[in-house]
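**Student:** Sequence:
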Amino acid sequence: MGCAANTTPFDAALFTEVIYTPKHASGFEIRGCKEDNSTLITVKNPWQGAQDVEQMLLIDRSGRFKAEGTNIQRIEKEARRIICMSSSYVAMLSAIDKQECIAGVSGIDFISDEYVVTNRQSIGDVGYDNNINYELVLALDPDLVLLYGVMGASGMESKLRELGVPYLYLGEYVESSPLGKAEWMVAMGEITGARQKAEEQLASIAERYTTLAKEVNLPDKQRKQVMLNTPYRDSWFIPSEQNYMARLIRDAGGKPFTIEGPGNSSQPVDMEQAYIWASEADVWLNVGGCNSLEELTRQNPKFADVKAVREMQVYNNNGRQTPQGGSDFWESGVVRPDVILQDLATILQGRNEDLYYYKQLK
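Per numbering that gives the first Met the number 0, residue 0 is the first one in the sequence shown, and the count goes up by one each step.
Don't read these hints as lab results, they were simulated from the structure.
Incorrect hints may appear among the rest.
[Stated by the list, open to error] For lysine-lysine, the following DSBU-like pairs were computed, each having C-alpha atoms within a straight-line distance of at most 30 Å: (1) LYS33 to LYS65; (2) LYS254 to LYS306; (3) LYS158 to LYS76; (4) LYS254 to LYS22; (5) LYS43 to LYS65; (6) LYS361 to LYS254; (7) LYS158 to LYS254; (8) LYS223 to LYS196; (9) LYS22 to LYS76; (10) LYS158 to LYS220; (11) LYS196 to LYS33; (12) LYS65 to LYS158; (13) LYS220 to LYS358; (14) LYS213 to LYS196; (15) LYS223 to LYS301; (16) LYS196 to LYS158; (17) LYS213 to LYS223; (18) LYS213 to LYS301; (19) LYS358 to LYS223; (20) LYS223 to LYS361; (21) LYS158 to LYS33; (22) LYS301 to LYS358; (23) LYS301 to LYS361; (24) LYS254 to LYS76; (25) LYS196 to LYS254; (26) LYS220 to LYS196; (27) LYS158 to LYS43; (28) LYS43 to LYS33; (29) LYS213 to LYS254; (30) LYS306 to LYS213; (31) LYS76 to LYS33; (32) LYS65 to LYS76; (33) LYS213 to LYS22.
[Unchecked claim] Estimated spans, in silico, between C-beta atoms of each pair: (34) GLY324 to ASN351: 27 to 33 Å; (35) ASN70 to ASP281: 43 to 49 Å; (36) GLN221 to LEU135: 52 to 58 Å; (37) ARG350 to GLY126: 38 to 44 Å; (38) PRO322 to ASP233: 26 to 32 Å.
We put the CB at the ideal spot given by N, CA and C, even for glycine.
Please model the complete structure; the sequences and the hints are all you need to start from.
**Tutor:** Structure follows, in structure tokens:
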């Protein structure tokens with residue numbers, strides 16, 4: 000699990016061979032060293048608001064490098080035991096048939112993956128945030144812990160360094176491109192020795208996505224207007240134009256209400272303005288934890304007068320969730336944007352398809 004005493008100082012400049020350059024994602028690249036078969040995964044700005052943050056994972060298959068520094072982690076071979084601190088990492092491993100690498104997770108009750116559900120007795124739940132069970136982390140003997148940061152680095156970093164446990168951030172959640180999110184499975188493939196499988200999976204998903212997007216493309220005047228989200232603590236968050244959900248809706252032939260803002264972000268909007276937009280929308284999506292129109296209108300009786308509510312055109316992305324409320328939309332949906340697009344095209348254009356991640360509220 001730890002690093003052996005190797006002699007050659009690590010130098011990123013030695014890794015000049017281009018192994019993989021993403022077509023859709025912006026947050027990672029994979030390079031190789033021509034002298035041996037070691038590879039270097041470089042991750043850039045893996046959380047919202049990150050600037051000039053770079054972290055590297057060296058897969059030192061030759062065992063020759065000595066890697067020191069807070070932004071470089073080293074493993075000697077493909078990872079076989081991984082702790083996933085996000086359910087989306089579980090989905091990536093599942094997508095490339097590397098489920099057996101899942102040694103531990105964070106919040107097992109909120110994970111939908113069939114392998115994790117079936118093998119929950121042998122998969123460790125290491126906890127959340129500031130309540131991490133580091134004794135269990137060590138007992139699970141991971142080759143790698145996959146972290147995520149929310150507006151900053153994970154609180155686990157320093158403790159993992161102290162324990163000598165390698166870690167890496169994946170930054171799929173900050174990608175605004177639906178296919179860009181899915182493309183992070185290629186980084187996961189490199190980590191686990193299944194990059195070719197990951198590239199094949201991605202190519203298949205991308206082909207289905209782009210083919211469907213062309214099929215359902217409509218002139219602007221024919222597109223249904225779409226409202227997103229519900230108020231949260233007296234704020235209604237509306238996506239930016241390049242936001243992930245906004246892009247999915249446009250690719251499905253819809254027209255989302257958006258605001259100006261950077262990348263994959265959402266910004267709070269004045270409640271009065273948001274209510275006007277909701278009233279004008281043909282379709283209303285992603286309405287929090289609501290399972291019925293009654294639950295939605297209970298939040299605010301004014302919602303009963305909204306066009307999408309009256310016409311029963313409210314759909315929520317909680318069609319697949321665990322008994323405890325874990326959302327498969329934000330788990331396997333990360334690596335299956337083609338299926339989400341199919342759902343949205345069905346909703347927005349009345350296609351005769353069963354919904355997978357979404358359900359109509361009644």
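**Student:** Does each hint fit the structure? Answer for all of them.
**Tutor:** Hint by hint, here is what the structure shows:
| no. | hint | in the structure |
| --- | --- | --- |
| 1 | LYS33 to LYS65 | 17 Å, holds |
| 2 | LYS254 to LYS306 | 16 Å, holds |
| 3 | LYS158 to LYS76 | 23 Å, holds |
| 4 | LYS254 to LYS22 | 25 Å, holds |
| 5 | LYS43 to LYS65 | 22 Å, holds |
| 6 | LYS361 to LYS254 | 23 Å, holds |
| 7 | LYS158 to LYS254 | 46 Å, violated |
| 8 | LYS223 to LYS196 | 37 Å, violated |
| 9 | LYS22 to LYS76 | 26 Å, holds |
| 10 | LYS158 to LYS220 | 55 Å, violated |
| 11 | LYS196 to LYS33 | 23 Å, holds |
| 12 | LYS65 to LYS158 | 21 Å, holds |
| 13 | LYS220 to LYS358 | 26 Å, holds |
| 14 | LYS213 to LYS196 | 26 Å, holds |
| 15 | LYS223 to LYS301 | 22 Å, holds |
| 16 | LYS196 to LYS158 | 33 Å, violated |
| 17 | LYS213 to LYS223 | 17 Å, holds |
| 18 | LYS213 to LYS301 | 37 Å, violated |
| 19 | LYS358 to LYS223 | 18 Å, holds |
| 20 | LYS223 to LYS361 | 20 Å, holds |
| 21 | LYS158 to LYS33 | 34 Å, violated |
| 22 | LYS301 to LYS358 | 22 Å, holds |
| 23 | LYS301 to LYS361 | 17 Å, holds |
| 24 | LYS254 to LYS76 | 47 Å, violated |
| 25 | LYS196 to LYS254 | 35 Å, violated |
| 26 | LYS220 to LYS196 | 41 Å, violated |
| 27 | LYS158 to LYS43 | 22 Å, holds |
| 28 | LYS43 to LYS33 | 23 Å, holds |
| 29 | LYS213 to LYS254 | 15 Å, holds |
| 30 | LYS306 to LYS213 | 29 Å, holds |
| 31 | LYS76 to LYS33 | 17 Å, holds |
| 32 | LYS65 to LYS76 | 15 Å, holds |
| 33 | LYS213 to LYS22 | 19 Å, holds |
| 34 | GLY324 to ASN351: 27 to 33 Å | 30 Å, holds |
| 35 | ASN70 to ASP281: 43 to 49 Å | 47 Å, holds |
| 36 | GLN221 to LEU135: 52 to 58 Å | 54 Å, holds |
| 37 | ARG350 to GLY126: 38 to 44 Å | 42 Å, holds |
| 38 | PRO322 to ASP233: 26 to 32 Å | 30 Å, holds |
In the structure shown, a violation is registered for the earlier hints numbered 7, 8, 10, 16, 18, 21, 24, 25, 26, in ascending order.
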